[in-house]
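Can you make the complete structure from the sequences, with help from the hints?
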Amino acid sequence: MRGRSARLFAALYPSDEALDHLGLALSALGAVALDDGRPSLRWTPRDLMHLTVAFFGEVADGAAEDLGRALDEVTEATEPLTLHLRGAGTFEDRILFAGVGGDAEALRRLSAATAEAASDVGLRLDRRPRQRAHLTVARASGPRKNGRRKTDPRPTGSGLAELAHALAVYEGPRFTADELCLVESTPGAGRSGGPLYEVVRTSPLGVRR
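Under the working numbering, the first residue of the sequence shown carries the number 500, and numbering increases by one thereafter.
The hints are simulated quantities; they were obtained by calculation from the structure and are not laboratory data. Built from N, CA and C at the ideal position, the CB exists for glycine as well.
Label-pair ranges, simulated between beta-carbon atoms:
1. V698 to S526: 21 to 31 Å
2. L624 to S526: 35 to 45 Å
3. D560 to D592: 30 to 40 Å
4. D519 to R623: 31 to 41 Å
5. G561 to S514: 31 to 41 Å
6. G586 to A688: 27 to 37 Å
7. G586 to R608: 14 to 24 Å
8. V699 to H664: 35 to 45 Å
9. A667 to G522: 15 to 25 Å
10. T701 to A559: 14 to 24 Å
11. A559 to E661: 36 to 46 Å
12. A603 to G522: 16 to 26 Å
Okay, structure coming up:
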């Protein structure tokens with residue numbers, strides 16, 4: 500019998516103040532539906548908002564324990580980060596995101612060290628180039644027919660670009676990221692068929708265990 504596995508990633512979570520501030524900025528955009536019949540946006544629920552540090556994919560139970568200990572070693576050597584959300588952009592003409600400012604270089608080093616730690620315990624990571632640090636705000640969702648989403652060949656980039664432009668000058672309050680979270684993602688188990696995220700382990704930054 501195959502052992503249990505879980506879909507895992509490492510993340511930092513913004514403070515409540517930072518998410519409150521971002522929420523006010525997003526509310527000013529309204530419940531946006533793009534023009535000309537193009538897809539509407541699916542806004543990221545607040546409880547799913549995070550900064551991905553590394554994505555590990557499917558990890559077996561035993562390997563997850565090894566991964567957790569390896570992440571503890573990484574975070575012991577990493578001081579808490581001072582970050583803030585600022586600006587916006589798009590990925591692949593379908594994703595609207597908020598950028599990250601502050602200790603950006605330290606965040607990149609944390610991401611690299613986390614990926615290396617995962618590799619050291621035998622995990623095979625996605626080796627595609629990672630996008631810059633960001634918080635996903637919304638995704639363009641295709642129109643539905645008979646309750647099912649269908650592919651829309653028309654581009655969505657122009658509408659998303661307008662929203663990114665509107666948020667280009669956004670800058671949120673600073674927050675301290677002082678723990679790295681190991682998060683399990685269960686596709687389709689959340690609200691409205693979205694993913695369910697559950698923090699299964701936390702590793703404080705700059706604290707020796």
